[in-house]
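Given chain A, put chain B with the ligands in place with the hints provided.
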Amino acid sequence: MILSKEKLGALVEQVKISGALFAAPAVDGGQVVMKSVNVADEISFDYVITANSAKEYLFPQTETIAVVEIEKNKVKLSAVEPDAPETVLFGVRPCDAAAFASLRSVFTWDFIDESYTKREDKSIVLSVACTKGDEGCFCTSVGLKPDTTDGSDLQLKETTDGGSFVVEALTDKGKEFVKKFSDVFDDGSADTKAIFTPDEIPGGVDIEKIKERLADPAHYADPVWPELARKCFGCGACTFSCPTCHCFDITDEGDVFSTERKKNWDACQIDNFTLHASGHNPRDTQTKRWRNRFMCKFHIYPKKFTTKGCVGCGRCVRVCPVRLDITEVMAEFSK
Amino acid sequence: MSDLYIPKLVRIEDVVEEAPDVKSFRLVFQDEELRDSFKFETGQFGLYSAFGYGESTFCIASSPTQKGFIQCTFRASGRVTNALSALSIGDTMGFRGPYGNSFPVEEWKGKNMVFIAGGIGLPPVRSVIRYALDRREDFGDITIVYGSKSVADLVYKNELAHWDERADINCIQTVDPGGETEDWKGKVGFVPTVLEEAAPSADNTIAIICGPPIMIKFCLSALDKLGFNDEQVYTTLENKMKCGVGKCGRCNVGDIYVCKEGPVYSAAEVKKMYDDF
Ligand code: SF4
Ligand code: SF4
Ligand code: FES
Numbered sequence: 001m002i003l004s005k006e007k008l009g010a011l012v013e014q015v016k017i018s019g020a021l022f023a024a025p026a027v028d029g030g031q032v033v034m035k036s037v038n039v040a041d042e043i044s045f046d047y048v049i050t051a052n053s054a055k056e057y058l059f060p061q062t063e064t065i066a067v068v069e070i071e072k073n074k075v076k077l078s079a080v081e082p083d084a085p086e087t088v089l090f091g092v093r094p095c096d097a098a099a100f101a102s103l104r105s106v107f108t109w110d111f112i113d114e115s116y117t118k119r120e121d122k123s124i125v126l127s128v129a130c131t132k133g134d135e136g137c138f139c140t141s142v143g144l145k146p147d148t149t150d151g152s153d154l155q156l157k158e159t160t161d162g163g164s165f166v167v168e169a170l171t172d173k174g175k176e177f178v179k180k181f182s183d184v185f186d187d188g189s190a191d192t193k194a195i196f197t198p199d200e201i202p203g204g205v206d207i208e209k210i211k212e213r214l215a216d217p218a219h220y221a222d223p224v225w226p227e228l229a230r231k232c233f234g235c236g237a238c239t240f241s242c243p244t245c246h247c248f249d250i251t252d253e254g255d256v257f258s259t260e261r262k263k264n265w266d267a268c269q270i271d272n273f274t275l276h277a278s279g280h281n282p283r284d285t286q287t288k289r290w291r292n293r294f295m296c297k298f299h300i301y302p303k304k305f306t307t308k309g310c311v312g313c314g315r316c317v318r319v320c321p322v323r324l325d326i327t328e329v330m331a332e333f334s335k
Numbered sequence: 001m002s003d004l005y006i007p008k009l010v011r012i013e014d015v016v017e018e019a020p021d022v023k024s025f026r027l028v029f030q031d032e033e034l035r036d037s038f039k040f041e042t043g044q045f046g047l048y049s050a051f052g053y054g055e056s057t058f059c060i061a062s063s064p065t066q067k068g069f070i071q072c073t074f075r076a077s078g079r080v081t082n083a084l085s086a087l088s089i090g091d092t093m094g095f096r097g098p099y100g101n102s103f104p105v106e107e108w109k110g111k112n113m114v115f116i117a118g119g120i121g122l123p124p125v126r127s128v129i130r131y132a133l134d135r136r137e138d139f140g141d142i143t144i145v146y147g148s149k150s151v152a153d154l155v156y157k158n159e160l161a162h163w164d165e166r167a168d169i170n171c172i173q174t175v176d177p178g179g180e181t182e183d184w185k186g187k188v189g190f191v192p193t194v195l196e197e198a199a200p201s202a203d204n205t206i207a208i209i210c211g212p213p214i215m216i217k218f219c220l221s222a223l224d225k226l227g228f229n230d231e232q233v234y235t236t237l238e239n240k241m242k243c244g245v246g247k248c249g250r251c252n253v254g255d256i257y258v259c260k261e262g263p264v265y266s267a268a269e270v271k272k273m274y275d276d277f
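Chains as they are written, first to last, in our numbering: chain A, 1 to 335; chain B, 1 to 277.
If we strip away everything but chain A, and leave its shape as in the complex, we get (with noise of 0.2 Å):
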């Protein structure tokens, strides 16, 4: 099946007018990122990997779980329904589309957040297998590929003269999508350019060897650590643009007499993150939350959620102000 570029158009039209949003990436300040578009000149092909993922589709910066309004000591609490609106996410990378299942699986353990299933039931993911990537992208070396199919709905991989996509319906959401519009999907098929291939990460890494060396509590005292942690200074960058961090804070916008209880993105890499009201903070050192979000993605993910906890998209790496880069720290523990 085909989906030529020129009758991308026309599918944008057609989504919107079928109600649903439209995102995809899209030049803005500068940078490719995800966002919602109108028409498909506003689209971007010229990228490696949007700046944010597709993550905050699923799972938003900010949203309102409740208003609270008080008046002479009468409460009235509103639950807030999620906006789930019905959306098409186009051009999301592979790695991307896969971080989804990790999301899924902490949102869903026990206990299910609604506000991210009813958003991940209302999406569709089209994504576009990898044609280039740059020296941040390390997907091949935490096991995926850079045209995995692993949470997409669609895949789409350009064809050697880049006027057209070859499309594969793997879900039952993707063949009803190329049903529901199906006058802008062409039979046939075509030749489509090379799949990219990222360098292995120097030292090489072997992920059963870090996860090995992670299930052993005595790591903690590994002297590596603050060697390997020195520069980090807790900006959070890392955390908050990586495609399958899950950590979000529940807060109160508002005063005494009319609030909205907000379910807000956090950061384990911020100071105050674990911070006790006594005062006490288990995590009192950017050493031990550095440690903490290497744990998480690659030990308490597999073995908790049996997800991954990298995707190896390479956001931290390229956003880290001080270059902090995961690779080196998964060599290190590949030793």
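Please keep in mind that the hints were generated in silico from the structure rather than gathered at the bench.
Heads up, incomplete: computed chain B residues facing chain A, CB under 8 Å, no partners named: (1) D3; (2) G246; (3) D276.
Pair ranges (Cβ atoms, derived): (4) D271/A x E159/B: 35 to 41 Å; (5) G234/A x S37/B: 41 to 47 Å; (6) K76/A x A86/B: 16 to 22 Å; (7) D138/B x D284/A: 39 to 45 Å; (8) K272/B x K231/A: 28 to 34 Å.
Taking lysine-lysine and the DSS-like style, the derived pairs with C-alpha atoms no more than 30 Å apart in a straight line are: (9) K5/A x K145/A; (10) K209/A x K271/B; (11) K8/B x K118/A.
These numbers were taken from a predicted model, which means no experiment stands behind them. Positions of the beta carbon are idealized from the N, C-alpha and C atoms, including for glycine.
This is chain B with the ligands only, laid out in the frame that chain A set:
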């Protein structure tokens, strides 16, 4: 349920000033049906809302044997707890829970119990004490060792007086040196020392400890000297929590989510954990 993080409204029915900055609330669900159907087990916790300020986590300090209400005890030490502390009888606040695991009280039938608490560590232990006293015939000897910085800082003073009077409880109260008053009839000394002097028998006994980390540490070695093994000793961990349901990612000790797999652990389990305290 999409109301996963939505609290239930509760009315404050009673307020007790326990100690400087420490208050207890007796809370009743606004929803009458919930008042009857609400169930929890000793050791479980909840998230308490001061609307306009946010939520704070503490244990349920009452016992499941007490019906129709729940009780919580907290120290005003942050934004939310200060706001809670400013509320009075008749005011409405929020509660969600119960969350977490619980003390395996059913397994402890027929055992002697030693309760050890320091300062504001008494409330979680008190839930089990109440439970044991309400089912007194199910348990053997009951020893309570409770201490705080000063006499004023002791919480549940009325209950302590009552436990003191009962012949079927060995209740030992202590205050740190310098914290005593002229008419203080209890001990003067730190909890671990007093515990060692009291020397409860380890035979067929379960010990529950709750208090500041340093007190727990020294009590563990005191219990060790008294012949307790790590499977006989339980504690409840405290950590910063926001969701209570294993999503927000901040209560973990290594790979253990205290809100989901805890907060109650045996000393044997605690010793196996990552050093994330
Ligand atoms: S840890 Fe870094 S490379 Fe891995 S998924 Fe998160 S942002 Fe991407
Ligand atoms: S982006 Fe870099 S400096 Fe900022 S918290 Fe992450 S590792 Fe530390
Ligand atoms: S309190 Fe949120 S994960 Fe435990």
